[in-house]
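**Student:** Input sequences plus hints: build the corresponding full structure.
Residue numbers (this note's numbering): -4 to 629.
Since the hints were made in silico from the structure, they are not lab data. From the three backbone atoms N, C-alpha and C, an ideal C-beta is built for every residue, glycine too. Among the hints, erroneous ones may be present.
[As the list claims (entries may be wrong)] Derived lysine to any residue pairs resembling SDA-like cross-links, with alpha carbons at most 25 angstroms apart: (1) 305 with 609; (2) 580 with 74; (3) 570 with 527.
[Claimed, not checked] FRET-style restraints, in silico, Cβ to Cβ: (4) 600 with 268: 41 to 49 angstroms; (5) 79 with 602: 33 to 41 angstroms; (6) 426 with 188: 50 to 58 angstroms; (7) 405 with 620: 43 to 51 angstroms.
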Amino acid sequence: MSNAYDEAFKKSIDDPEGFWGEAAEDCHWYKKWDKVLDDSNKPFYRWFVGGEINTCYNALDYHVDNGIGDQVALIYDSPVTDTIKKYTYTELRDEVAKFAGVLAAQGAAKGDRVIIYMPMIPEAAIAMLACARIGAVHSVVFGGFAAKELATRINDAKPKVIVSASCGVEGKKVIPYKPLLDGAIEMAETKPEHCIVFQRPMETASMIAGRDIDWNDAMAKAEPHDCVPVAATDPLYILYTSGTTGQPKGVVRDNGGHVVALKWTMKAIYDIDQGDVFWAASDVGWVVGHSYIVYAPLFKGATTILFEGKPVGTPDAGVFWRIISEHKVKIQFTAPTAFRAIKREDPEGEFIRKYDLSNFKILFLAGERSDPDTIQWSEKNLGVPVIDHWWQTETGWAICANCMGLHHFPVRYGSPTKSVPGWNVQVVDPECRPVKAGDIGALVVKLPLPPGTLPTLWNNDDGYVKAYLEEFPGYYKTADAGYIDEEGYVYVMSRTDDIINVAGHRLSTGAMEEVLSDHPDVAECAVLGVEDKLKGQIPVGFMVLKAGVTKANDEIIKEVVQMVRERIGPVAAFKTATVVKRLPKTRSGKILRGTIQKIADNKDYKAPATIDDPATLGEMEEALSSIGYAKSRK
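**Tutor:** What follows is the structure in structure tokens.
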């Protein structure tokens, strides 16, 4: 029996122009496209060629013009500053139109770049939407990013204007941004003409006369600016992928395909209708913040939440439940690491029971593999479906998901379910030959990619082809490894570089992590392949234990070694594990596996720009030397 998902998927693969052309009818166009898909310049495919659109109009004015201007568009909830502020669609449109006027007054126009270096405050979203309104290309750089990293992005994007704030608030710490910004501009070869700075009450930044402009002063005398029609294929934003070295990889997103695809996903994947409350607990510095805090919920006419805080410690492990209860959130989307942190602080889910979560319907997880233990803990304590889905900065939206607005498939732990309509996911071997169902290989997507993905890299077409299209001709390389079972469920095992070779056996560290995280005392874990003279590589496990565990570490290590032996077999050669207080992570919660591996292999490494706390690397060196690795470090 076919269902809405099967029908949508089949049409999206057999007739992509018909499928996406129909979805595009749901958006506002100044001029309809000449062609839904232009494939005349392969591998550079373009969607909605000849069409003219404005992203900001579709996010805000469209809804005001269609009579829902009084509905709440954005809720800013900041436990770190004890602030809750709501904007209706009309209020948000008016603020954005005024800030678009501020940008225009500083000479920013269609095609100019604007770097946004902001904390999680409404002004960050307002600045993004204002850029879209005038056709300027925004590039959001994570607030508090190191000056050197910001400088490389300034050099690559060459912004006319930089928008920033005096500081960010991380937990109880105030992080001054302006000294970092000033340092970055000093280092950069390209200088912006102006910086617009939002002064926050907890930190006043010193201003440089002639260059720096106060946000509030500029807004007070700004003339509102109308939406500027742009080509569907014009860039909307550049987002630099984390961990870039040398020439930064600036993922480009275009205007037309982005509006069409993201608006379609809100109902199809997340089951969100106009007026529903949607909360992506992420940061606007990440792709999730772009797609699902700022753009998609507003395209749909939903209410979006912008949260300034952490899942634990602002003030406790109950902050997510307070927000879901207070703002009547229907869908939450966050990273598994947030739930692991909550589970660690509140293993019995006691905080959850303090709040009325009757409006809450589904939890979506993405960002890294969701271990079955975290999904099961969430299902048990929340009593709602917990949906893992898989996507990347480059793709802009989900490659695989349980599309809850089309058909709810049974959840299979370890799988983000099936390919989303538009995504022709396949598994191939190193020679680009298809592998049998159930066999591990490289996960690839048959071209063309659906709309809303990356048409190229900023000023770097060659780099785009080399990074994503060269290795598997005719396919986009996800750089993830995995398999697809007989029923079409996709399993993302690990990055292709996380497949380790133990004495000739190709093994997935992700599969071993799954076993470790099943141990009742383990809160989170990582398994890495480290160099071994005899076997080439051997796996080493790192475990963070749940709060209140009394069992001896040695006992737990013995048990997990036995578990891996039973479930994966002696071939895994898994004999070494250690307990650590915490794992080094990026600010979005990804474990820095590559860096840990370098430490273990005694290779030089530098702390990645996206690291949350550099002190964790020193702790990791100590943990590794205690089990016989990294010991030659001075």
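**Student:** So, for every hint listed, does it hold in this structure?
**Tutor:** Checked hints:
For the hint pairing residue 305 with residue 609, the CA-to-CA distance comes to about 18 angstroms; that is within 25 angstroms, so the pair holds. Using a Cα cut-off of 25 angstroms, the hinted pair residue 580 and residue 74 holds, with the two alpha carbons roughly 23 angstroms apart. Between the alpha carbons of residue 570 and residue 527 the distance comes to roughly 13 angstroms, so the proposed pair stays at or under 25 angstroms and holds. Judged by the Cβ atoms, the range 41 to 49 angstroms given for residue 600 and residue 268 holds: they are separated by roughly 47 angstroms.
Against the hinted window of 33 to 41 angstroms, the Cβ-Cβ separation of residue 79 and residue 602 comes to about 35 angstroms, which satisfies the hint. The hinted window of 50 to 58 angstroms between residue 426 and residue 188 holds, with their beta carbons roughly 51 angstroms apart. Taking 43 to 51 angstroms as the suggested C-beta distance range, the pair residue 405 and residue 620 conforms, at roughly 45 angstroms.
The structure shown violates none of the earlier numbered hints.
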